[in-house]
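> Residue strings, one per chain:
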Amino acid sequence: MASQTLTTPAMPAGQVGRSIPRLEAAAKVTGRAEYVHNMSLPGMLHGKIFRSVIPHGKIKHLDLDAARAVEGVFLVAAIDDIRKVIAHPYYGPAFHDQPILADGKVRYAGEPVAVVLADEAHIAEEAAGLISAEYEELPGVYDEVEAHGAQVFVHDELKPAATFPDLAHLLGRRDTNVALDFQLRRGDADAAFAAAEHVFEHHFRTQPTMHTPLEPFVSIADASGGSLTLHTASQNPSFVRIEIARLLGWPENRVRVKVPYLGGGFGGKLYIKLEALVTALSLIARRPVKISLTMQEQFFMVMRHAATIRIKSGVDKSGRITARSCEVWWNGGAYADIGPRVTQKAGFTAAGPYDIDNVELNSYAVYTNRTPAGALRGFGAPQTCWAYETHTDMIAAKLGIDQLAFRRMNLLHDGRPQATGTILRDAAIDKVLDRVAERMNWGTPLERGTGRIRRGRGIAIGFKGITAPTTSVAMINLYADGSCGLYIGTVDMGQGSDTCMAQIAAEVLNLDAESIKVIHPDTDVTPYDMGTLGSRSTFHMGTAVRLAALDANQKIAALAEELGVPPNSNLPFSELLRRKYRMQAGNIIGIGSFIPGYDKPDQETGQSANVTPFWGVGGSGAEVEIDIETGEFKVTKLVNVADVGAAINPKLLAAQLSGAAIMQLGFTTSENMLYRDGQLTNGSFADYKIPCLLDMPAVFINEFVESRQHDGPFGAKGAGESTTIAVSPAIGNAIADAIGVRLMDLPLTAEAIHGAILAAGIGGDDEH
Amino acid sequence: MPTLPIDCTVNGAATHLDVAPRTILADALRQDLGLTGTHVGCAHGSCGACTILLDGAAVRSCLMLAVQAAGHAITTIEGLSNPDALTPLQAAFRKHGALQCGFCTPGMIVTAHALLSANPDADADTIRDMLSGNLCRCTGYISIIEAVLDARAAYQEARA
Ligand code: FES
Ligand code: FES
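Top line first, the protein sequences correspond to chains U and X.
Counting in the numbering used here, the first sequence runs from 1 upward without gaps.
Counting in the numbering used here, the second sequence runs from 1 upward without gaps.
Bound-form chain U, shown alone (with noise of 0.2 Å):
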């Protein structure tokens, strides 16, 4: 083994940049992974919930007698059953607005009522069946524009958590649906507008969407023994700890939460989901209990924000955007959950990558009477590009300049104030820009077919900012063989961070990356991580891991020098444990923590000197070829390119950027949470369609370019949501280069397409 004594190895380890294939790979081909989906417990029972039909109501009545009497049932819980172990059932990341069990009445159609415990499942899934409830049905509100200035509402006061200090001016405000305003001011739009040359505006809106990971919702309480282990498909362990404790108002070490791996989260499974119900259950049965959705309940947990967008934007003679406007309305749901987060991270970067000076921005977590809107991989920025990176397409073609010169004159570059103030760093929107134009070949001319069937082509990019400012902890525990693990509160739900981690701890401590066992999140266990969400795990873990290896370096080092064995004298710790301890024994533990900085932005202005640790970007290019006679349409090709500062792992980053790419393909031309009077009509796998082999392009090319984060881990930073930002936009833009329409909602069909053929004429190069 290589020196041990060093804090950096002499030589790099090469561990970093290598595509290994992932540490868990032959327990997931051989169908032996653990999930929580494949777990019971002794004496486990099963729970079914009993949901509400209607999506805004209050309960009169709720007949739980006929469920009770079912052979095999254990117990039927409503609301009131809850308060007996948990005196206020509310939770919620942002807002402590969601009841454990409706209370006293209903807020969307599908929100859980009551629930029934029994030893299968099927006979709890029967029992439900037969419980009933009696609502005095009261108008809902479903429209996100509509809502926000409504006179039905959807909660009668604001709820703010006390863990977000910028929300706490909200606390009691009435009489409205608003849950959040943020709003952002950059030089001054009004008279940037008043003397532009041109002045364009666009309303866009996009659809709600669901995640459906294929491993639906689960989770397993066991309080049997006075304190209490969740074992849950949760992307944020610790933040279930902290919630839990807070509801139950135990000390946090009396609450164990334990993650496997997960079938799939996408920022569905984050914050608290079933767990507040488990362990309510749990506690009244004094056994542990299992709740399992179906892939249809998935659709009444959380879905992604559909969105209205208003987009303005002034240009000068020379092609330059002076200001920019936007206004976006978010459809939250009945509850909050992470949606005023959304709302803001989302409106930082609402203007898109562009160097504009005046930027105005306002954006609105607005509740609806509909399934719960939370966090969906992009956390707002692929919506909010659909709208911007379609109104700069249309803004390009009437100005009558190439859709990528345009994009090109405007760029925001490394070393320029963003809408923010904040200043671009380690950002390659232009990289992203270039490797998107050349491998679509912008610079060749497309054949662009006559007769039936149109061609066209079309490109985007976007840019998000990161939740800030988060914190992550992590272990490394070297063993007395010379084998190490790594604790660490990551959730691996398909991602790979467990081999990405395990590959920046090895670079450090010159070790085999498929050598270190990777603890998965046992909050009894693993120190703090703010969670798996938002493309923050490779930079944020990824540099407490560095740290922690790095502390563990200086431990050995401290140890040789204790022992006084000369620097560079090559003992791997293994030999110097053993000199300590005169046996093989003892440990030595290296601890990493991070929190980058950050500059809280200004409530009226939203200018801040440090906004996000890093800047996501990803570029996309789309051809389409459509017949104009029925509106068909195919994809024939995809290229998107991400910024991902460097690649730990190039191969597992290939499998990211495709899927994502993949995921907000089906977002763009087929998924679509279809409501009517608020009742959602799709909810299932045969009738909400997710991307399949068949819907992949033919060319579909994923790539990477390389920034070199300064301050992430090697140079990484996150990339998970890169590739979800612009292919909407680029597809519709394609879209339109094809017939000459635009269509200004998502999703992307051929109904909307031939509808929009017939509605203005084909043949037409109108840009409106």
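Because the hints were derived from the structure by calculation, they are not lab data.
Hints may be right or wrong, so weigh each one.
To be verified - Okay, derived cross-link-like pairs now, DSSO-like style, lysine-lysine, Cα gap no bigger than 30 Å in a straight line: (1) U:LYS600 <-> U:LYS159; (2) U:LYS58 <-> U:LYS84; (3) U:LYS600 <-> U:LYS312; (4) U:LYS517 <-> X:LYS95; (5) U:LYS634 <-> U:LYS689; (6) X:LYS95 <-> U:LYS651.
Got chain U sorted already, so can you dock chain X with the ligands onto it with the hints?
Relative to the frame of chain U, chain X with the ligands by itself:
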């Protein structure tokens, strides 16, 4: 709850089960036999995560009642694995990174095994067609096609 006795072969072993008539085959495999490599994603026949082999043909175990398995030979991902080494398909999935969360993976491998056993020369288009009923929310599919193409050689050899 009254049960019905069934006899079938599971992963090569003669197996007797007493199941309630309403029991779904996927649940019987997972809960009664502990074969949890068969995952249940949608439970309504749309995702393919629960795919198993019934007399060698790929079927969705969430769409079958356990009693329908009587007299048939069932193979699950566990039956397609061996303790000493990964099979060619499994090794190819690992090598090409054809998995992320791994939830769809057993179903993908079972389906791909049925395909390559019948047609070891399957081209990319055929593979796409045959696997198009298996949904993956994570990978973007590129690496899955690469892995199955790569694993063909072993099936071609086995035929020869
Ligand atoms: S679980 Fe059987 S097809 Fe989805
Ligand atoms: S790897 Fe997650 S669903 Fe395919």
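> Would you mind marking each hint as holding or not holding in the structure?
Status of the hints after comparison with the structure:
1. U:LYS600 <-> U:LYS159: 22 Å, holds
2. U:LYS58 <-> U:LYS84: 22 Å, holds
3. U:LYS600 <-> U:LYS312: 27 Å, holds
4. U:LYS517 <-> X:LYS95: 20 Å, holds
5. U:LYS634 <-> U:LYS689: Holds, at about 16 Å.
6. X:LYS95 <-> U:LYS651: With Cα atoms ~10 Å apart, LYS95 of chain X and LYS651 of chain U stay inside 30 Å; holds.
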